[in-house]
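Add chain B with the ligands to chain A, keeping to what the hints say.
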Amino acid sequence: MTSRLTRRQRRRISQGIQYAVFVAVLVLIGVLADWDRLQNQFAQKDLALRLFPEIITTALRNTVIYTMSGFLLGLVLGLVIAMMRLSSVAPYRWVASVYIELFRGLPALLIFIFVGVAVPLAFPGTEIPGGTYGKVALGLGLVAAAYMAETIRAGIQAVPKGQMEAARSLGFSHARAMVSVIIPQAFRIVIPPLTNELVLLFKDSSLVLFLGVTLQERELTKFGRDLASQTANSTPILVAGLCYLLVTVPLSFVVRRLEARADKAV
Amino acid sequence: MPRKTEAVDDTMATDRPEIEIRGLHKSFGDNHVLRGIDLEVARGEVVCVIGPSGSGKSTLLRCVNLLEEPSGGQVFVGGTEVTDLDVDIDAVRRRIGMVFQQFNLFPHVSVTENLTLPQRRVLGRDKARSAAVALENLKRVGLADKADAYPAQLSGGQQQRVAIARALSMGPEVMLFDEPTSALDPELVGEVLSVMRVLAGEGMTMMVVTHEMSFAREVADRVVFMDGGVIVEQGPAAQVVGHPRQERTRNFLNRILDPAAAGAPADDGRRPRAEDGGSGTG
Ligand SMILES: Nc1ncnc2c1ncn2[C@@H]1O[C@H](COP(=O)(O)OP(=O)(O)O)[C@@H](O)[C@H]1O
Ligand SMILES: [Mg+2]
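If you're matching them up, the sequences are chains A and B in order. First residue of the first sequence? That's 1 in the numbering used here, and the numbers climb one at a time after it. First residue of the second sequence? That's 1001 in the numbering used here, and the numbers climb one at a time after it.
Some hints here could point you the wrong way.
To be verified - Some chain B residues close to chain A (C-beta under 8 Å, calculated; not the full set):
id: 1; residue: Asn1065
id: 2; residue: Pro1107
id: 3; residue: Val1122
id: 4; residue: Tyr1150
These aren't lab readings, by the way, just hints derived from the structure by calculation. Think of the CB as a built atom: it goes at the ideal place given N, C-alpha and C, for glycine as much as any other residue.
Chain A extracted, bound-state conformation (with noise of 0.2 Å):
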């Protein structure tokens, strides 16, 4: 029987089901949930407006300034890791494997406790400069640094071999071939995914909330819990979350819109 159907008909009777499992699952949830609890839980208008600006101007700002001094770092350190993983130095290479496979092996988390514990045990006296804004650059460039360094080194190693051998031939030294010549080319075949790493690092810098913060330097999730937990409700949560979206989604897009352009530009 089914031979009898065209192609087109079968087409439309798989995708006929498909909505119908979608609209059934829709409709399921909404006659079981308990939307005005959830509703009285999570959207209380008049709470969620009490939150701005402070939700604006202190938390959404921390955590920018939290992930772009986080991904500097991470840049900064990538970059150099990267390096050494394609240096000719054989330690070189060793210590930057092992600093990648152990920072990406690990929970962020638990870097963030690293950072906060051990550092100071490690190096009596010191402090880390920046305080908070410091210890969280630190804790989030270095899970970064991991990832990005291998982003980084996969995009030198995509940049074709002629072009360091043309650098050569024309008397560049190495190191300054990478410089003007490789590095420059690299950075635009990473950027997407360097964009993608910025997403990432946006949501971990959260894990902020593990580190004793003062009010001032709350983010988005440690204030939207405070609040919470302030108010006995969990609209600030859901505040707090539309918040990341707002970054989050407009972010991913661009990134969408790059790898597009760079698959054309290749």
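Chain B with the ligands in isolation, oriented as in the chain A frame:
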């Protein structure tokens, strides 16, 4: 054909050869690619290197500017031993221009910047001077109007001409060409060869790996035939391409001059196109 040998005589009669290769060996692991190459290129001389694929032609060129480290033997360029471990190789390479089969222009900068970037970063020339040199060399290859284009916007032939201009901007004493037209569509080969022809006419010392036999016959002072990592035969183009002495040279020329005859016995009667060269081209 010996027009350039005269130029050599009155400019550099007493000096050493511009390129001097002595007992050059190169192995990649177990693969013994160059098996004792001795070759001299006089100042202003154009030497074409021909030979089957895999015979070590590229490796030979790349040993001259040390893109490959020779496993044995010596290479001198302009009297400097480049194989000396104490020599500043970057300084030596500035004097040796190289043109690659795949052009290898820097795709992330404009045509002009392809020419100015090396001048500024390597030679320390200032912006104005490097731009002036760049323009002058773009004019030389007939591409001054493409100064602001990006490499990807150019045809293969134009890209290769820019690559030649880029090498010339560094003011090299020697130019190495590794199959500069092999990646080009047939209709674009001519424009690159004519730039090279002009360069040869201006007295540039050139080592050219090529399969363009008409170019070799017309421009080369000397043709070197390589096979299996050794120089099998060398001499004036009219002799090596026109009347090869060695069986291996004859076989090779038969194959590339008339691919349809590949595998046919090497026989003197099969080289009409090689022999009519020389007179018809000038
Ligand atoms: N970087 C390299 N590593 C290993 N083998 C190489 C390398 N470059 C060239 N070879 C080998 O050397 C031989 C000669 O290559 P090449 O000089 O490119 O020949 P040609 O230019 O005459 O075609 C080939 O067998 C090739 O596989
Ligand atoms: Mg080759």
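Hints, verified against the model:
| no. | hint | in the structure |
| --- | --- | --- |
| 1 | Asn1065 | holds, 6 Å |
| 2 | Pro1107 | holds, 7 Å |
| 3 | Val1122 | holds, 4 Å |
| 4 | Tyr1150 | violated, 11 Å |
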